[in-house]
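J.: Single-letter residue listing:
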Amino acid sequence: MVDYEEYLHFSLEEIMEDPFLLSWIKGHRKDRKLDSMLKSAPEFAALISSARSICRVAEGDQPATDRAVIREMWHSIELFEEKTHLRKKNYSFLSILKYAAVFLMVASIAGLVYYRQNEVVVNESQLFAGPVPTEQSKLILSTGEVIDLVKQESSVTVDSKRNAIRINNDSVVKLSPAKTESAASMNKVVVPFGKKSIIELADGTRVWLNAGSKFAFPSAFDAKSREVFLDGEAFFDVAKNPEKPFFVKTHDISVRVLGTKFDISAYSSDLNVVTVLLEGSISQHKNEKMRLMGDETLLKPNQKAVYDKFKQTTQVTEERHTEYFTDWRDGWLTCKKVNLTDVFSRLERYYNVRITYTSPTPSNDVISGKLDLKESIDQVMNVLKDVAGIRYRIDNNNILIEKNEKMPMRNLIY
Amino acid sequence: MIADADLWDDFRNGKRYALSHIYFTHVQFLLRFGRKFTKDEELIRDTIQEVFLALIKGREKLGTTHNIRYYLMAAFRHNIARNLVKQSHHPTLTLPSGLDFLVEESPEELFISKEELTDKEKALRKAFNLLPPKQKEILYYRYVCELDYEHICEMMSISYDTARKMVYRSIRQLKSTLKENKFIVAFLGFFHNEKKSE
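In the order they appear, the protein sequences are chains A and B.
Take the first sequence: its letter number 203 is residue 203 in the numbering used here, and every next letter is one higher.
Take the second sequence: its letter number 171 is residue 585 in the numbering used here, and every next letter is one higher.
Calculated from the structure, these hints are not laboratory results.
Among the hints, a few may not be true.
[Said to hold, decoys possible] Some chain A residues judged to face chain B by a derived CB distance under 10 angstroms, without partners named:
id	residue
1	E13
2	A46
3	W74
Note that the Cβ used here is the ideal one computed from N, Cα and C, for glycine as well.
Only chain A is shown next, with the shape it has when bound in the complex:
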């Protein structure tokens, strides 16, 4: 039981040691009684304001660090992990024996379990090793040749008849005569934060690649299936071909497609992989060497699958507002009761900015409305400011956000 009366006689030193008061001061917890005491007891209010100031002063203010720098640092950490992992695999003989034993066991119960042979030929993480570029989108050919895609919204088209790749609808790159299309001969498009790209594949499939994404594809598909790789977000309009299923492989899950339109967001730095289907049907499964039959998730149109990397489970829900997941292609962000934090993380990618909020994080705030991503970040923030009841300050690539207590949240009018 909290004795509120007692608080009125507290000194600053006592306030600064009281966990209950501190969590309220820091905004972790709401307390109406304490709020009203601010009005009725001015001395108490003055002390609380001092306490708040001390917390703020102790923090100091520093700019957030550029996303690109953070990615670059991550890259070398990731490489190190990869190496350590491989080394361990090579040396630990016992565990190989263990795996062999397990494998034999599993193989003997053939019929219940099947082994995926021709999948995951390529190691996705090796394919996408290297940071996302900071300046320009790039096309990296299977030969290693790197081509800058200059434009804000670049386009890459595979012309299988001429065995060439067309860039931004003008320049043409001749490909060396198709060798056997092996895993190693993948072309890559990498798009930095703040940029987009449209890719047309050899089979006519169109892929819209969102900011901060990496995508790998062959110049021509082999006879059995069509396979592409993704780290990031992309919208797919897959050309129909029932004989040759289309596979989108990400680090955690794979999606199998016949012919359809869908969006998949699989950033390696995100906790979830989100797939939203618009037309047709797709099935997805998590990436495992061995997999029970029927361990697949089927999606119908207007359904959303969220794969939780932590729990390793997939949850399917109806999604009436698919626009939110697909409108980015045309430069819109159409929100219908979307978490503010989610909107911020999208804006971060889209504009290559870093959004930092002073606590408390607005994790429960939802907003509705349509943001025009073709406008500058200043204009977008200016709209959001009123909708979300926040104040902000833009400092180069950093945006500091603070809740505007005087202004409640309201919704944009469509």
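Dock chain B against chain A, hints included.
T.: Chain B in isolation, oriented as in the chain A frame:
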């Protein structure tokens, strides 16, 4: 949200997502934390990478934790102290008490709006900067990172009593600044019912 303990266990068990999740969740904070000790951005980045490489190398030997941020902070603080000694060849800078705790200059520009920096806060900021580094550091742990005393003591290698005294003394010093400030004196004119005596 994942509980830190579970995420940490996943990392220890070699699940790949866990490392990237830990990294992306805490890296901004560590970069800011680093700037409290040095202005050398490259050194900060190198030190953060060191911390993560050490985690990967020692993955099997790691213990459990309920507070990943604290774990990273402690590791970072240890490493940056060592790296600063290495870099400066400063014989008097001993581990880890010789750390200076910086509070950046020109903080006003970074505030959300300049009006918000009241006279009171400006005065406080000045007073805060004049506190000994260790006191600045402890206030940062206590009121910004919200660490409990147990963790603070462990990180700064001081006893519980010392930690309590340091916080108490710092608040006292900052309070005297607030009183000197005319605006505040007028505002706080009524109240003089402190319970603790000098």
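J.: Now tell me if each hint is right for this structure.
T.: Hints versus structure:
no.: 1; hint: E13; in the structure: holds, 5 angstroms
no.: 2; hint: A46; in the structure: holds, 5 angstroms
no.: 3; hint: W74; in the structure: holds, 6 angstroms
Violated hints for the displayed structure: none, as all numbered hints are satisfied.
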